Amino acid sequence: MTAPAPDIVILGHHKIGPIPENGWKSWYYVPEETFALQLQLLKDRGYAFLTLEAFLHGLSHPETFPAKGVLITFDDGYRSLLRHALPPMQAVGAPGVVFVPTDWVGKNNDFDLGVEPPEAIATWEELAAMEKGGLAVQSHGRTHRGLSTLAPADLREEIEDSKKEIEERLGRPVAFFSFPFGDNAAERGHDSPVIEALLRESGYRAACVYGGDPVPLDLSHPYRLTRIAMGEDTDLAKALDSRPISR
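Position one of the sequence shown corresponds to residue 6 (the numbering used here), numbered consecutively onward.
No lab work stands behind these hints: they were computed from the structure. Keep in mind that this is a model prediction, so the values were computed, not measured. Mixed in with the good hints, there may be bad ones.
Dumping the calculated DSS-like pairs for lysine-lysine here, alpha-carbon to alpha-carbon at most 27 Å [as the list claims (entries may be wrong)]: (1) K243 x K30; (2) K137 x K112; (3) K243 x K73; (4) K243 x K48; (5) K48 x K73; (6) K137 x K48; (7) K137 x K73; (8) K112 x K169; (9) K112 x K30; (10) K169 x K137.
Okay, the calculated beta carbon distance ranges per label pair [said to hold, decoys possible]: (11) E173 x D240: 27 to 33 Å; (12) V199 x E26: 27 to 33 Å; (13) L118 x P36: 21 to 27 Å.
Even glycine gets a Cβ: it sits at the ideal position worked out from N, Cα and C.
Using the sequences provided together with the hints, build the complete structure.
Following this line, the structure appears as structure tokens:
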């Protein structure tokens, strides 16, 4: 009898904590209390919290995945994760991954200027503290530009240079890429296999997109892994119940 496919989930977050009190409204902030309840929900439903290493190993060796597993991810690398995300994660023993755009480390999120509240990106020292706290730092490109807007030479710089800088600054291997704005250029001007080949050639073992309706996580296509987009009103229980399992 064939063993059932593992139920593997990737959650995609941006910001945990309160929205700045300056009149902004943003879907991307998940209150810390809500985040803590979601972590407990996952634990109560029997999901094992996966490290980056266990997740990447499972992509090539699916038999090593638990029956139910979840990878917690964050895009952009906001400083506030240290205060609002790490404590509830550590309370339940949950590791995670944070994807950072290297040219914006230690600055504000001006790549979202006018559409999202100003928010500080962590410094390299703060990213090192996140590493020690259980968040593996991986690549979100250099400049946080959508890949479909870039020439081939710029694509290579986004993918290769960001990896190199994180590895040099933090002394850890980088093998996971998150497409800025969820834009993997698959349908907008570039040939997706070319992007995947460049990621593979550069030493990445996986890449993820962002958003959309709950869909099965197709482990056979590691360079376009889907995530459940997490925002202020995301009903995680409903998303888990309506999502087909991995294949």
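Here's how the hints hold up against the structure:
A threshold of 27 Å between alpha carbons decides the hint, and for K243 with K30 the separation of about 24 Å falls inside it, so the pair holds. A distance of roughly 21 Å separates the Cα atoms of K137 and K112; the hinted pair therefore holds under the 27 Å criterion. With a C-alpha separation of about 16 Å, the suggested pair K243 and K73 falls inside the 27 Å cut-off, and the hint holds. Only pairs whose Cα atoms come within 27 Å are accepted, and K243 paired with K48 is accepted, the gap being roughly 16 Å.
A C-alpha spacing of about 10 Å is found between K48 and K73, which places the hinted pair at or below 27 Å, so the restraint holds. Taking the CA atoms of K137 and K48, the gap is about 22 Å. The hint holds against a cut of 27 Å. For the suggested pair K137 and K73, the alpha carbons sit about 26 Å apart, so the restraint of at most 27 Å is met. Between K112 and K169 the alpha-carbon distance is near 19 Å, which keeps this suggested pair within the 27 Å criterion.
With a C-alpha separation of about 21 Å, the suggested pairing of K112 with K30 holds against the 27 Å cut-off. Between K169 and K137 the CA atoms are separated by roughly 20 Å; this keeps the pair inside 27 Å, and the hint holds. Taken as a hint, the range 27 to 33 Å is violated for the pair E173 and D240, whose Cβ atoms sit roughly 41 Å apart. In this structure the supplied range 27 to 33 Å is violated for V199 paired with E26, their Cβ-Cβ distance being about 45 Å.
In this structure, L118 and P36 meet the distance hint of 21 to 27 Å, their C-beta atoms being roughly 24 Å apart.
This entry does not satisfy hints 11, 12, going by the numbered hints stated previously.
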